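> Each chain, letter by letter, is given below.
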Amino acid sequence: MGKTIDIDRARAAKAKALTVFGDLVRVNGVGITRVGGGYGVKVNLSQHPPKGVRLPHEVDGVPVRVEYVGPITKRGLHHQKS
Amino acid sequence: MHLDSARELKTALVQKHEPFVRRALMAGYRVRAAGPAAGARTISELGIGACAVTSVDAVQRTLALGITRSGRNDFRLAVRIQNRAFEHGPHIEAIHKQAKGEVDIRYIGRVVKRVAPWTQTRRRPLQVGTSIGHFSITAGTLGCFVKTRQGGQVRILSNNHVLADENRGVKGDAVIQPGRFDHGRKGRDTIGALDRFVTLKKRGANAVDAALAALRQGMQFDAGMLKGIGKLTGAGGVLDEDAAVSKVGRTTEVTHGRVTAFELDHVIVGYDIGNLRFDDQIEIEGSGSGPFSQGGDSGSLIVNATRQGVALLFAGGDQGGSNGQGLTYANPIATVLDRLKIDLLY
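Taken in order, these protein sequences are the chains called A and B. Just so you know, we're using numbering that gives the first Met the number 0 here: the first sequence kicks off at 0 and counts up by one. Just so you know, we're using numbering that gives the first Met the number 0 here: the second sequence kicks off at 0 and counts up by one.
Bear in mind the hints are in silico, worked out from the structure with no lab data behind them. These numbers were taken from a predicted model, which means no experiment stands behind them. Where a beta carbon is used, it is the ideal one built from N, C-alpha and C, also for glycine. Treat the hints with caution; some may be incorrect.
What the hints assert, rightly or not - Derived CB-CB ranges, DEER-like:
no. : chain 1 : residue 1 : chain 2 : residue 2 : range
1   : A       : Asp5      : B       : Pro124    : 45 to 53 Å
2   : A       : Lys2      : B       : Gly150    : 28 to 36 Å
3   : A       : Arg25     : B       : Asp337    : 27 to 35 Å
Build the full structure now, drawing on both the sequences and the hints.
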């Protein structure tokens, strides 16, 4: 069982995760989340990864949770101009 | 049967049963005008029970006729029964016989008009969580009431894309409640005017999507109450993952959720003016089987378990979340308040 990750370590890994994942897939958000009893990095994807692309499970020893979130839009109703 | 045959059958049946339907529809009028004796025959057919004459509906429920599809190119007659008294009566039997069994008969009972949720209606005094918008947009949500740090003036807080039409609005533009999509009209429903907003940047990272509207003189408002949630207790601090949150918004009304990520950078959000990047955002999923928000909820104030305002809802998607109903994105309220130099009113 690995050491519990504190929030500062997760923050440091967050910046690197954007670069690491950005080279492999279309990233739409990198943030902090809870993993086990400590913190980890959450990487949101706007597209499913291409076939054969293997995504890392951790960055600098910090666990990474990946989720496909699709496109994100403002939460207004569709704009109507007269 | 073919569509044309179904149409012919429907027309024939309407003509055949019209005298009865007309008699039935008008029975209520006759009963109300002259007492039960006036409509005795149809009263028994309609199954009107003993009740005050004045409580009998003037127009009575009978049968509705239409056409329904039974195969790719096959149709049949649709009969919708709106009154139990007809279910096993001679009229249904006659229709069944004339349609040679090619008929779909269902009891649908009383049909009532759809009433708009309270969040989409005109509210005076103004209420948190209701439909609002710059006169040229569809509708968003009235987030909450705030006070300017300099001068202590009362303002409405919502998103830039709700009150300022994505930077296109100018100070003094009419803000209406309800929003235009909810039949709000400039003039009659003008409740204030655009005051100021944080410009949405096309380059670099945005921190907030926020704007303020000034209230029209004499406009009454209920500052602290989030209907269905409770009274606002102030502004909260930093949100951690798994924190329970709630909001009341124009479209999905009261919903509950939990924070799934925070300090989220590089969130790309689609606007009319293009894709914009946001840093340091909060991500939320809905509790239960529904989403935390949908289109029209933009601008909602998000509160924590102790009803402190913690975030301003502005974006979302239909994918992701543990219930598969999508994720919602919000600006931390502390950043919004600092950027606009305001405090929550409660």
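> Between lysine 2/A and glycine 150/B, is the Cβ distance one that fits in 28 to 36 Å?
violated (52 Å)
> Does the Cβ pair aspartate 5/A, proline 124/B satisfy 45 to 53 Å?
holds (47 Å)
> Against the range 27 to 35 Å, how does the distance between the Cβ atoms of arginine 25/A and aspartate 337/B compare: consistent or not?
holds (32 Å)
Comparing the model with each numbered hint stated earlier shows that hint 2 is the single one that does not hold.
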